[in-house]
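S.K.: Listed below are the residues making up each chain.
2 protein chains.
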Amino acid sequence: MIKKMALTQKSANKIFGGWQKVFSHKSAELKCAMNFGVFLPAQSETEKCPVIYWLSGLTCTEQNFVTKAGAQRYAAEKGVILVAPDTSPRECNIEGEDESWDFGTGAGFYVDATEEKWKENYRMYSYVTKELPQLISENFPANGKQSIMGHSMGGHGALICALKNPGMYTSVSAFSPICNPTQCPWGQKAFTGYLGSDRATWQGYDATELVKSYSGPALDILIDQGSEDGFLKDGQLLPDNLVAACAKASMAVDYRLQPGYDHSYYFIATFVGDHIAKHAEALK
Amino acid sequence: MIKKMALTQKSANKIFGGWQKVFSHKSAELKCAMNFGVFLPAQSETEKCPVIYWLSGLTCTEQNFVTKAGAQRYAAEKGVILVAPDTSPRECNIEGEDESWDFGTGAGFYVDATEEKWKENYRMYSYVTKELPQLISENFPANGKQSIMGHSMGGHGALICALKNPGMYTSVSAFSPICNPTQCPWGQKAFTGYLGSDRATWQGYDATELVKSYSGPALDILIDQGSEDGFLKDGQLLPDNLVAACAKASMAVDYRLQPGYDHSYYFIATFVGDHIAKHAEALK
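Each protein sequence line maps, in turn, to chains A and B. So the first sequence is residues 26 to 309, counted in the working numbering. So the second sequence is residues 26 to 309, counted in the working numbering.
The shape of chain A in the complex, shown without the other chains:
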């Protein structure tokens, strides 16, 4: 008998005719308490709805997307549930977990760690692809269809979750994703810390590498990237590498370089309606 996991409601606010709620639960994968946001459109009161997962970027909690993206309006129109988890385990008492803004707390990087110090808690990949969907299907009126999107580190997360699990997500999109983490400073730091120094193991969490061997239903990736994003200029995001790999693998990718936009939630707010519309269409 599978024990239904217990959820504690932290907040509930009516918005655009539906409900933005935040729950806390004890995660089996991460061995700590985790928060996630869930937007339940009015349609979900009378019928089961598809789910879009949102994965956030470095330093974020579940709150950033919930309060700043303005996504509920579009999800309300389309009748989709939005789920936004936190970005890492919290308060695990691991030495050094709070030392960096780009590693440890707030920076789980959506991998399952193999290094001794981190492997008990830092299993965000399994949390996002297994535990959280099970939790959602057990506790909310989800119809079994799901898509995934994210921002920056969470854009990387969305891409690898879709590429590693053909058929699990109907569609995938990303805002300013870290496209080739094995080749950028953020990714190299995180992968060294969580996965160790054997670079061969890193490739299983790198979208640009995963595209080369993907075999499954067409994903038709949508990526929005701001042209004035400082992290793009710093070589942390490397979208050109992903676009080139997609071209070589004949994988469709709609890469939109948006002139003047930066890396912020102002950028996300501007285009999240396009992403939700695309996912909602695919999830029909």
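Everything labelled a hint here was simulated from the structure, so no lab data went into it. Keep in mind that the hints are not guaranteed to be accurate.
As the list claims (entries may be wrong) - The following label-pair restraints were derived from C-beta to C-beta distances: (1) A/A67 / B/Q88: 27 to 33 Å; (2) A/C57 / B/G192: 55 to 61 Å; (3) A/G104 / B/G221: 52 to 58 Å.
Quantities reported herein were computed from a predicted structural model and do not represent experimental measurements. Ideal Cβ positions, reconstructed from N, Cα and C, are used throughout, including at glycine.
Place chain B on chain A using the hints.
M.R.: Same frame as chain A, but now just chain B:
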């Protein structure tokens, strides 16, 4: 010769084709540095646009509206400039200014204080109705037409600014406003502190009182109020008193009690599009 006031740009983010900027300046009225947010729609690059002022509630800075309301989308569509000032003077070194969340810092109440301790700095009424509009007209492509709206304490602020200055604002609206501050605990505390114990002077800053003597162009007030707003239940907002005063004075008011909504920015985000559409139509 009038000296043009100097602005310091604190941030600029592209959003919905326009720019969300935050500026700081030294306020002559408040004798301290003040921040305000301004959204400049794409239309303002080639033509002068109308302005809608937003006044925030207790504890807010200029950031709450800028990051949480999702208003830029609607302002971009309608071609209106949005201006969101802070809610009080800051760091004036007045004894007790930081002791309460509902008085002093973050709680200017949009009055010009007369009490000795506060009267040098706490002049938010003059700041919002005189200094700030002058600053906007000198520094941004404003066409001279303006409306005003706000939330809670800022809803009170919007209503009194419009009622005390017939013709200055083309239209006025409010979310969960403090409608009758002379009759509620928040208002009584603030007015006692800023204006002293003579209740006759309080009436000049009370929307329900001002409606009785208003003489000027029709204002056609729009008010949205959440039915599950805890402050409504606590008797802090008293919209029925304002609605009754409007009925008696034959002033049009569209009072919408929105079932299930609370006092939060989730509520504001849901209906701010309606408010901007109404103001934009009036400002044409």
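S.K.: Tell me, which hint numbers fail for this structure?
M.R.: none
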